[in-house]
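The listed protein sequences derive, respectively, from chains R and X.
Anchor point for the first sequence: position 32 equals 32 in UniProt numbering, and the numbering is continuous, going up by one each time.
Anchor point for the second sequence: position 387 equals 387 in UniProt numbering, and the numbering is continuous, going up by one each time.
Everything labelled a hint here was simulated from the structure, so no lab data went into it.
Among these hints, one or two may not hold up.
To be verified - Derived pair list, reagent style SDA-like, types lysine to any residue, alpha-carbon separation capped at 20 Å:
hint : chain 1 : residue 1 : chain 2 : residue 2
1    : X       : K77       : R       : S11
2    : X       : K428      : R       : A10
3    : X       : K472      : R       : R72
4    : X       : K472      : R       : R65
5    : X       : K97       : R       : T85
6    : X       : K77       : R       : A10
7    : X       : K380      : X       : D355
8    : X       : K77       : R       : R65
9    : X       : K472      : R       : E62
10   : X       : K472      : R       : I69
11   : X       : K472      : R       : T58
12   : X       : K37       : R       : A10
13   : R       : K87       : X       : R80
14   : R       : K2        : X       : G473
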Amino acid sequence: MKLLTGNDLASGDVTWWTGAGWSRHVEDAVDVGDQGEAIAHAEEGARRVNGPYVIDATLTPEGPRPAHIKDRIRALGPTVRPDLTLKPADPNAGSWVI
Amino acid sequence: MYKYDEYDHSIVAARVEEFRDQVNRRLAGQITEDQFKPLRLMNGLYLQLHAYMLRVAVPYGTLDSRQMHMLAHIARKYDRGYGHFTTRQNLQYNWIKLEDAPDILAELATVEMHAIQTSGNCIRNISSDQFAGAAADELTDPRPWAELLRQWSTFHPEFSYLPRKFKICVIAAEEDRAAMRLHDIGIQIVEKDGQLGAAIYVGGGMGRTPMIAPLIKDFVPFDDFVSYLEACLRVYNRYGRRDNMYKARIKILIHELGADKYAAEVEEEFAAVKALGIDPPRAEFDRIAAHFAPPAYDADAPDTLDRSDPDFAVWLDQNVSAHKQPGYAVVTISLKPIGGIPGDATADQIDLMADLAKAHSFDELRVTHAQNIVLPHVRKADLYALWQQLRDAGLAEANLDLISDIIACPGLDYCSLANARSIPLAQKIATRFSDIGRQRELGELKLKISGCINACGHHHAGHIGILGVDRKGVENYQLLLGGSGAEDVSLGTITGPGFSEDGIVDAIEKATNVYLAQREDGERFLDTYRRLGMAPFKEAIYG
Numbered sequence: 001m002k003l004l005t006g007n008d009l010a011s012g013d014v015t016w017w018t019g020a021g022w023s024r025h026v027e028d029a030v031d032v033g034d035q036g037e038a039i040a041h042a043e044e045g046a047r048r049v050n051g052p053y054v055i056d057a058t059l060t061p062e063g064p065r066p067a068h069i070k071d072r073i074r075a076l077g078p079t080v081r082p083d084l085t086l087k088p089a090d091p092n093a094g095s096w097v098i
Numbered sequence: 001m002y003k004y005d006e007y008d009h010s011i012v013a014a015r016v017e018e019f020r021d022q023v024n025r026r027l028a029g030q031i032t033e034d035q036f037k038p039l040r041l042m043n044g045l046y047l048q049l050h051a052y053m054l055r056v057a058v059p060y061g062t063l064d065s066r067q068m069h070m071l072a073h074i075a076r077k078y079d080r081g082y083g084h085f086t087t088r089q090n091l092q093y094n095w096i097k098l099e100d101a102p103d104i105l106a107e108l109a110t111v112e113m114h115a116i117q118t119s120g121n122c123i124r125n126i127s128s129d130q131f132a133g134a135a136a137d138e139l140t141d142p143r144p145w146a147e148l149l150r151q152w153s154t155f156h157p158e159f160s161y162l163p164r165k166f167k168i169c170v171i172a173a174e175e176d177r178a179a180m181r182l183h184d185i186g187i188q189i190v191e192k193d194g195q196l197g198a199a200i201y202v203g204g205g206m207g208r209t210p211m212i213a214p215l216i217k218d219f220v221p222f223d224d225f226v227s228y229l230e231a232c233l234r235v236y237n238r239y240g241r242r243d244n245m246y247k248a249r250i251k252i253l254i255h256e257l258g259a260d261k262y263a264a265e266v267e268e269e270f271a272a273v274k275a276l277g278i279d280p281p282r283a284e285f286d287r288i289a290a291h292f293a294p295p296a297y298d299a300d301a302p303d304t305l306d307r308s309d310p311d312f313a314v315w316l317d318q319n320v321s322a323h324k325q326p327g328y329a330v331v332t333i334s335l336k337p338i339g340g341i342p343g344d345a346t347a348d349q350i351d352l353m354a355d356l357a358k359a360h361s362f363d364e365l366r367v368t369h370a371q372n373i374v375l376p377h378v379r380k381a382d383l384y385a386l387w388q389q390l391r392d393a394g395l396a397e398a399n400l401d402l403i404s405d406i407i408a409c410p411g412l413d414y415c416s417l418a419n420a421r422s423i424p425l426a427q428k429i430a431t432r433f434s435d436i437g438r439q440r441e442l443g444e445l446k447l448k449i450s451g452c453i454n455a456c457g458h459h460h461a462g463h464i465g466i467l468g469v470d471r472k473g474v475e476n477y478q479l480l481l482g483g484s485g486a487e488d489v490s491l492g493t494i495t496g497p498g499f500s501e502d503g504i505v506d507a508i509e510k511a512t513n514v515y516l517a518q519r520e521d522g523e524r525f526l527d528t529y530r531r532l533g534m535a536p537f538k539e540a541i542y543g
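Whole structure, please, built from the sequences with the hints as guidance.
Written out as structure tokens, the structure reads:
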């Protein structure tokens, strides 16, 4: 599957295209198929996202999982600071990245 | 230390308001990201993996307690309660919001700090010896020279869009504590016929194509100093490549042109530049140098120490260095706790270091390129009390220049350029070698980790270096041996095929075992490697 991701212009937060808007959580991301570039162009023009790009991912029971470790780290947060990730209370969150 | 004059205040304040307007226009959609990106980068604002990152300049690594407290305040108010001290003697915040950036810069300006020219293809923050003004072995304090260059290079209209970024380092001691020859221009202040001047090395650097800067001119007198550097930059600006960013640094120009030809071009340009009369009068240098006058030392400060506490004695031996003034010492505060993140400090720790500088070090601190903090002027009589406070705050790791004093870039945990994580590796290696007795048995061993070829973690200059690479989406680590950023400068050599995260920790242990088995009296790891060559290490690592 293909996901569309970028950063929020004002806050810099990592965001994922949900089909209707942008979410901080990769679990909310949807397959953009071959529409990623078009969505990115429109959303960037409207300043709802900064630097959007399309990535490969696989659909798992837990939701979409980016194919590359860099995007998994973007999705969760730094592996060396679990307290600063999106799932600070989940002890297994790091294994999802690695 | 240097204090802004009215002109400094006005240009920094104007820059803050200019950037505030640029941010507002970006947020309002009046300029695109392509238009905005070079503007924000010139103000130190990157977009990294998780958020915007702000790099704050610490000129030649020197700051006072007021500035340090401001760094802690910003960490609390605008970031997530910590900052990251970098190999460029700067500080980075990892969780900045674009909408907050102008306010942060405005707050920094109140304590004479900024983020100008911490990115972009311009002359970056001037780096220097973290022991400047205190080192027992220095010829003179290099910081007035560095400050002169800071003023010359700030907003220099001709050098704001160089072919590539440009880093200058100034030292004034035979011991090179600042990796001087691995800069685009490395300057060593030297003496000739009773006059101070500069030995100029040009074309060093790490990154994709590491080079050691050759000597271009052995002595440039003060009266020609700025003109000569202007000529060095002009020749680079004229001939440096702009068609390929990987070949755009001055080291490539020097390599392709040849040091002699480059030096000849500089001489010709210098003759033209000199006629412009841009060299400052001696009185201006003296005005700057007065800001760096030695503090009011206590001439009667006792020169003896009570070493009866064994943990304190270890810290003394490892983290305390000789000072030029009897009764005083230079303290390096390690930001490398075992299992910690190299260079990170919490806001509380930053505040504490500021308080300790105020109380014990004439209000001065330094950031080192090895990501530690220095209190440059501490009375020996105060060392025990100081150490106790550092210990209670988790800042008394006695590992300076030992294997756990690891330089590590932010790596893939934070950096959008990285191919592999650096910090977890540093944590694993430090934990493997956590026993301080074992570390001291290994002696001086500088281990440096970069998460990509850009080499922010100085892996080329590590006695042991590690380079993280991407092997089809999997992190892989190359091992290098034999590098040095010191006066015995050298570039490390790759041992062979790369390793997994755990595999490279084992490989390092095997390399250190070769050293322990084969070292001769007085040899450091680096010395043994240089004497024996790669073969026995390679055999132990891969055999």
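Going down the list of hints, with the structure as the test:
1. Taking the CA atoms of K77 (chain X) and S11 (chain R), the gap is about 15 Å. The hint holds against a cut of 20 Å.
2. Taking the CA atoms of K428 (chain X) and A10 (chain R), the gap is near 36 Å; set against the 20 Å cutoff, the hint is violated.
3. Only pairs whose Cα atoms come within 20 Å are accepted, and K472 (chain X) paired with R72 (chain R) is accepted, the gap being roughly 15 Å.
4. Between K472 (chain X) and R65 (chain R) the alpha-carbon distance is near 17 Å, which keeps this suggested pair within the 20 Å criterion.
5. Annotation: proposed proximity of K97 (chain X) to T85 (chain R) holds, straight-line Cα distance about 17 Å (limit 20 Å).
6. A threshold of 20 Å between alpha carbons decides the hint, and for K77 (chain X) with A10 (chain R) the separation of about 17 Å falls inside it, so the pair holds.
7. At roughly 18 Å between alpha-carbon atoms, K380 (chain X) and D355 (chain X) fall within 20 Å of each other, so this suggested pair holds.
8. Of the pairs offered as hints, the one joining K77 (chain X) and R65 (chain R) is violated, with about 33 Å between alpha carbons and a cut-off of 20 Å exceeded.
9. The straight-line distance between the Cα atoms of K472 (chain X) and E62 (chain R) is roughly 24 Å, outside the 20 Å bound, and the hint therefore fails.
10. As the CA atoms of K472 (chain X) and I69 (chain R) are separated by approximately 10 Å, the hinted pair is consistent with the 20 Å bound.
11. Restraint check for K472 (chain X) and T58 (chain R): satisfied, since their Cα atoms lie roughly 16 Å apart, inside the 20 Å limit.
12. Annotation: proposed proximity of K37 (chain X) to A10 (chain R) holds, straight-line Cα distance about 14 Å (limit 20 Å).
13. About 16 Å separates the Cα atoms of K87 (chain R) and R80 (chain X), which keeps this hinted pair within 20 Å; it holds.
14. With a CA separation close to 17 Å, the supplied pair K2 (chain R) and G473 (chain X) stays within the 20 Å bound.
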